[in-house]
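*Asks:* Sequence:
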Amino acid sequence: MGGKKKEIQENGNMPDLGVNWTAIRALEHNIDPQQEGESNADFRLRVSGELRGKRRIIEAHEAYQNALFDSGNEMLEYGLLGAVSQLLGGEQYSRDPVEQVGDDITVGIFSQAPQHKDPFAAILLLSLMGK
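Using the UniProt record's numbering, the letters of the sequence shown correspond one by one to residues 1 to 131.
By construction, these hints were calculated from the structure, which means they are not laboratory data.
Just so you know, not all the hints are guaranteed correct.
[As the list claims (entries may be wrong)] Pairwise CB distance ranges, derived in the manner of DEER restraints:
| no. | residue 1 | residue 2 | range |
| --- | --- | --- | --- |
| 1 | Pro119 | Asp32 | 38 to 48 Å |
| 2 | Asp32 | Gly89 | 13 to 23 Å |
| 3 | Ser39 | Glu99 | 13 to 23 Å |
| 4 | Phe120 | Arg55 | 31 to 41 Å |
| 5 | Gly18 | Phe120 | 18 to 28 Å |
| 6 | Ala41 | Ile109 | 15 to 25 Å |
| 7 | Leu124 | Gln35 | 31 to 41 Å |
| 8 | Glu36 | Leu88 | 33 to 43 Å |
| 9 | Gly37 | Pro114 | 40 to 50 Å |
| 10 | Asn30 | Pro114 | 15 to 25 Å |
| 11 | Ser71 | Ile123 | 32 to 42 Å |
| 12 | Glu36 | Ser85 | 36 to 46 Å |
| 13 | Glu28 | Leu124 | 35 to 45 Å |
| 14 | Asp70 | His29 | 12 to 22 Å |
Beta carbons are placed, not taken as given, at the ideal position from N, Cα and C, and that holds for glycine.
Given the sequences, and given the hints that come with them, work out the whole structure.
*Replies:* Shown next, in the form of structure tokens:
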């Protein structure tokens, strides 16, 4: 495995659509690789949740979106924005790291939404956050 890890470290900063960034983040952080029968979506959730639980926020969202933070992936950017918004506000909406990745994205999207006085939107936001 040492050779593969060295290869990843040498080439890991070169965005390539064929690169499995989730697998790279798992390898870098000693997280079990994708198991036989584990779907790509389940693998992404597992790796991102473990990373979010370790407070590796950027890596968690990279693993979840299978992209690098500077790749222009809008959902990844929303996730990072939402995580920072929660940290600055002293709030974390979920105690489960896997759910927290989704909460980060939701908060990021809502923080960029135009402000309006629609009570239904406020109720929807609160229900999404389990309040």
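*Asks:* Each of the hints needs a verdict: does it hold here or not?
*Replies:* These are the hints, each one checked on the structure:
no., hint, result
1, Pro119 with Asp32: 38 to 48 Å, "holds (45 Å)"
2, Asp32 with Gly89: 13 to 23 Å, "violated (33 Å)"
3, Ser39 with Glu99: 13 to 23 Å, "holds (18 Å)"
4, Phe120 with Arg55: 31 to 41 Å, "holds (34 Å)"
5, Gly18 with Phe120: 18 to 28 Å, "violated (43 Å)"
6, Ala41 with Ile109: 15 to 25 Å, "holds (20 Å)"
7, Leu124 with Gln35: 31 to 41 Å, "holds (36 Å)"
8, Glu36 with Leu88: 33 to 43 Å, "holds (42 Å)"
9, Gly37 with Pro114: 40 to 50 Å, "holds (44 Å)"
10, Asn30 with Pro114: 15 to 25 Å, "violated (43 Å)"
11, Ser71 with Ile123: 32 to 42 Å, "holds (34 Å)"
12, Glu36 with Ser85: 36 to 46 Å, "holds (38 Å)"
13, Glu28 with Leu124: 35 to 45 Å, "holds (37 Å)"
14, Asp70 with His29: 12 to 22 Å, "holds (19 Å)"
The structure fails hints 2, 5, 10 (numbered hints given earlier, in ascending order).
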